[in-house]
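Chains as they are written, first to last, in our numbering: chain A, 1 to 198; chain B, 1001 to 1317.
It should be emphasised that the hints constitute simulated quantities derived from the structure, not laboratory data. Since the structure is predicted, the reported quantities are computational estimates derived from the model, not experimental observations. By construction, the Cβ of each residue, glycine as well, lies at the ideal position given by its N, Cα and C atoms. Among the hints, erroneous ones may be present.
Claimed, not checked - The calculated lysine-lysine pairs, modelled on DSBU-like cross-linking and capped at a C-alpha distance of 35 Å, are:
# : chain 1 : residue 1 : chain 2 : residue 2
1 : B       : K1162     : A       : K10
2 : B       : K1005     : A       : K10
3 : B       : K1295     : B       : K1089
4 : B       : K1295     : A       : K10
What the hints assert, rightly or not - Reference listing, derived: stretches of chain A covered by chain B, where coverage requires no fewer than 3 residues with Cβ under 8 Å from a Cβ of chain B:
# : segment
5 : 10-23
6 : 86-99
7 : 117-129
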Amino acid sequence: MQHGYWIRSKPVYHSLSWQHRAQAHVLVANGEAGRSIVRLLHQRLPDQPITVLYHPTQEADYSKSLVSLAGENLHVFKRESELWHRFEQILQQSVMGTRLYAAGNEYFLWQATTLAASHGVLSGDVMREQASSLARSVYCVHCKTISHRVTTNIAICTGCQRHLLVRDHFSRRLGAYMGLMIDAEEPGNVPEAEEVYP
Amino acid sequence: MSALKVIVSAIEQVADGICHFTFAAADGGELPGFSGGSHVVVSMPAHNRTYRNAYSLLSSPADRRNYQIAVRLQEQSRGGSRFMHEQVKVGSRLDISWPVNLFPISRVGHKHILVAGGIGITPFMSQVHELLRTGADFELHYAFRSPQYAGFIDQLQQLLGKNLICHDQSQRQVLDLQALLSQQPLGTHVYVCGPAGMVDALLSTAYELGWPDAHVHHEEFLAPPIGEPFTLRLKQSGKSVEVGAEVSMLEAMEAAGVDAPYLCRGGACGRCELEVLATDGVIEHHDHYLSDAEKGSGKKIMPCVSRAKCSFIELNL
Chain A
1 MQHGYWIRSK PVYHSLSWQH RAQAHVLVAN GEAGRSIVRL LHQRLPDQPI TVLYHPTQEA
61 DYSKSLVSLA GENLHVFKRE SELWHRFEQI LQQSVMGTRL YAAGNEYFLW QATTLAASHG
121 VLSGDVMREQ ASSLARSVYC VHCKTISHRV TTNIAICTGC QRHLLVRDHF SRRLGAYMGL
181 MIDAEEPGNV PEAEEVYP
Chain B
1001 MSALKVIVSA IEQVADGICH FTFAAADGGE LPGFSGGSHV VVSMPAHNRT YRNAYSLLSS
1061 PADRRNYQIA VRLQEQSRGG SRFMHEQVKV GSRLDISWPV NLFPISRVGH KHILVAGGIG
1121 ITPFMSQVHE LLRTGADFEL HYAFRSPQYA GFIDQLQQLL GKNLICHDQS QRQVLDLQAL
1181 LSQQPLGTHV YVCGPAGMVD ALLSTAYELG WPDAHVHHEE FLAPPIGEPF TLRLKQSGKS
1241 VEVGAEVSML EAMEAAGVDA PYLCRGGACG RCELEVLATD GVIEHHDHYL SDAEKGSGKK
1301 IMPCVSRAKC SFIELNL
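Given these sequences and hints, build the entire structure.
As structure tokens, then:
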């Protein structure tokens, strides 16, 4: 396990809060992170229009709470791809001053950021809250497969089955941490995995 | 700091009070390349002191045969712009710094709104060449008092066509910043250069509309304001320098032979920042670089434009 040091690429997340100087507000969230949007909607609301895009998952569905708070400003999507499609449409029509908020697991946050970046929105302009599991998406440097929901410091690549050490080097473009073969020098010598990203 | 040696090859009046200078390399070769929005610092050896002012480069970055700058004669010139207008002739030799860019076009922007007021047009002259070359989506808003003050207007009209939007105040054509900034697509960047009032109005309009800071760019070179004389003590060298009412701290240090750091000399870049150790008065911050918190702390000063109302100030240099 790597800990106790600072690495530039590893993102730091904050709690979402309303940016009251704005022309509009667009929020995207999935699963467990619906609770963060509920919390945000309990606070004093900004004067400008609010749009909430939410994708409930098997683990958590906050649709009912959200609909009672956001009403017709809420759009619930059965599939995540549908949420991204709608987000893309909104980005196309939005003007400068539209504030973007994302809450979800890390992979979701960086998908939102990457999509926004394709419309010229800088990474720092998207507010992000890591609102659910700390599980990591891991990019295998050997076969380039991304394995999702990795909760351990050593994980088996879903592409090439190598044992990967999950590092802290993070790619914002991929939304994933670097994973590299842990027993390359001594094949078979794989330390026991520990759950460090619950 | 190594200087570029240039010869003035042409001088032309382009608008009321605005002179346009063309520089060629003294050795007849090519000048260093630069990017759109760059400036150079011109050294002007007047009889009693050397003035150094920053001027934007106007020509196309693709053309390295010469550099072009425009100098407006400041009504309350400290001497620099007057020197350029009255002393510099075709054939004069000058030292200039290498080009520095504190006002580049964002490479990740999807649309660019350039807003110029009066002589603030100068940094955009090189930028428009770069934007045209890359095929970027952009428009230039040019506000001026009346057509005789609108330098380079013909050249810009020819170059930009409908991408140039003029706001002639003598025709009551007012630039509506609220309307301009409230309807721009995501990914737009805005750049402003002009009088302080115009820059401040644009910055606050963008802020109120929720434009992220990273999408709002401005360039403003300040002239060091006149103040009261005081004594500058330099801790490391043990030197004591008298700062006159009409010279900046940086100029006073240079005249005393102190090798102080600098780049833009206009309160924009931050290169000349020095640590304040003690003073018996108050610092008068004039720069655009330090944050309000830093200015309030009284621990830092930009000696190119800021000074102090005191009998002495001690710096860590």
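The hints, checked one at a time:
no.	hint	verdict
1	B:K1162 x A:K10	violated (45 Å)
2	B:K1005 x A:K10	violated (47 Å)
3	B:K1295 x B:K1089	violated (41 Å)
4	B:K1295 x A:K10	holds (32 Å)
5	10-23	holds (count 4)
6	86-99	holds (count 7)
7	117-129	holds (count 7)
Hint violations for this structure: numbers 1, 2, 3, all remaining hints satisfied.
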